[in-house]
Amino acid sequence: MNKIVSLLCGIIFGIGLVISEMINPEKVLGFLNIFRDWDPSLAFVMIGALIVSTPVFHLFKNKNKPLFSSNFSIPDKTEIDKKLIIGSVFFGAGWGLIGLCPGPAITSIALLNMSSAIFVASMFIGFYIAAKVN
Amino acid sequence: MNIVNFTPITALSGGLLIGLSVALFFILNGRMIGISGIASNFLISKDNRIENFLFLFGLMLGPLIYNQITVREINISISSSLMLLIIGGVLVGFGTKLSSGCTSGHGISGISRFSLRSIIATVTFMIVGILIVLITGIL
Numbered sequence: 005m006n007k008i009v010s011l012l013c014g015i016i017f018g019i020g021l022v023i024s025e026m027i028n029p030e031k032v033l034g035f036l037n038i039f040r041d042w043d044p045s046l047a048f049v050m051i052g053a054l055i056v057s058t059p060v061f062h063l064f065k066n067k068n069k070p071l072f073s074s075n076f077s078i079p080d081k082t083e084i085d086k087k088l089i090i091g092s093v094f095f096g097a098g099w100g101l102i103g104l105c106p107g108p109a110i111t112s113i114a115l116l117n118m119s120s121a122i123f124v125a126s127m128f129i130g131f132y133i134a135a136k137v138n
Numbered sequence: 357m358n359i360v361n362f363t364p365i366t367a368l369s370g371g372l373l374i375g376l377s378v379a380l381f382f383i384l385n386g387r388m389i390g391i392s393g394i395a396s397n398f399l400i401s402k403d404n405r406i407e408n409f410l411f412l413f414g415l416m417l418g419p420l421i422y423n424q425i426t427v428r429e430i431n432i433s434i435s436s437s438l439m440l441l442i443i444g445g446v447l448v449g450f451g452t453k454l455s456s457g458c459t460s461g462h463g464i465s466g467i468s469r470f471s472l473r474s475i476i477a478t479v480t481f482m483i484v485g486i487l488i489v490l491i492t493g494i495l
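In the order they appear, the protein sequences are chains D and G. Add 4 to a position in the first sequence, counting from 1, and you land on the number used in this note's numbering. Add 356 to a position in the second sequence, counting from 1, and you land on the number used in this note's numbering.
Don't read these hints as lab results, they were simulated from the structure. Where hints are given, some of them may not hold.
As the list claims (entries may be wrong) - In the DSS-like style, the derived pairs of lysine-lysine whose C-alpha atoms are separated by at most 30 Å in a straight line are: (1) G/K402 x D/K136; (2) D/K7 x D/K86; (3) D/K87 x D/K65; (4) D/K7 x D/K69; (5) D/K81 x G/K402; (6) D/K136 x D/K86; (7) D/K136 x D/K67; (8) D/K67 x D/K7; (9) D/K65 x D/K7; (10) D/K65 x D/K81; (11) D/K7 x G/K402; (12) G/K402 x D/K69; (13) D/K87 x G/K402; (14) D/K69 x D/K81; (15) D/K65 x G/K402; (16) D/K67 x G/K402; (17) D/K86 x G/K402; (18) D/K86 x D/K65; (19) D/K81 x D/K67; (20) D/K7 x D/K136; (21) D/K136 x D/K69.
To be verified - Chain D side only, calculated, beta carbon under 8 Å to chain G, not exhaustive: (22) W42; (23) V49; (24) I89.
Note that the Cβ used here is the ideal one computed from N, Cα and C, for glycine as well.
Construct the entire structure; sequences and hints are all you get.
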């Protein structure tokens, strides 16, 4: 069941990225272009997602276990450390340069977009370097 | 500042679906979605490798299914050079792995949990993204 849920949630997430047009870097860069021609759409995507995920998380977090798994696995780090800040700065820089973050980048590969494929391959190299450095 | 290309209805509807995906994954599988986490764990860790792969595969099926049920075209416009794509990709991979999250992991899942770490991460990558767009727009 776990596997079917993973596939299904991936599909729903991917369709969400397409409908909201977040798969298009131009929309994302439009959101970041706050001082000139601003496209606020991305903020509405986040609001839409949060109004569903936030109440569900708080309703279910104290339950014994999820339906198809033995336990909940919730990130437990609370420390605001250098890695968090430096990592976010690096991520924001790459995001602002191209307008792609991991979800839309991976999703758009399916449309045989060569630029996304190059971006994703480079992103995996980035994951690998960060894992080695740590 | 001018407001341009604003599409609140599709943005909100797509957002609701993304929220639904995060909510279902939590209730059923017990994990919070973060795509950089799922993708980097698929690369690096043996834990949940099949589930992680299936999620990423599902992501890619998303637009293909969308294409089957609607005639609306999916627009993707990337004008960056090869060199910039490589630099941007490495920065995004390195940064999200180091900070343990991206727009979904920190921006949606983390903020859902009211995690201070995630709120700080989200504000940081948004400010940096805005500055980069400001600078590249001037250059």
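Can you give the numbers of the hints that this structure goes against, from lowest to highest? 2, 7, 21
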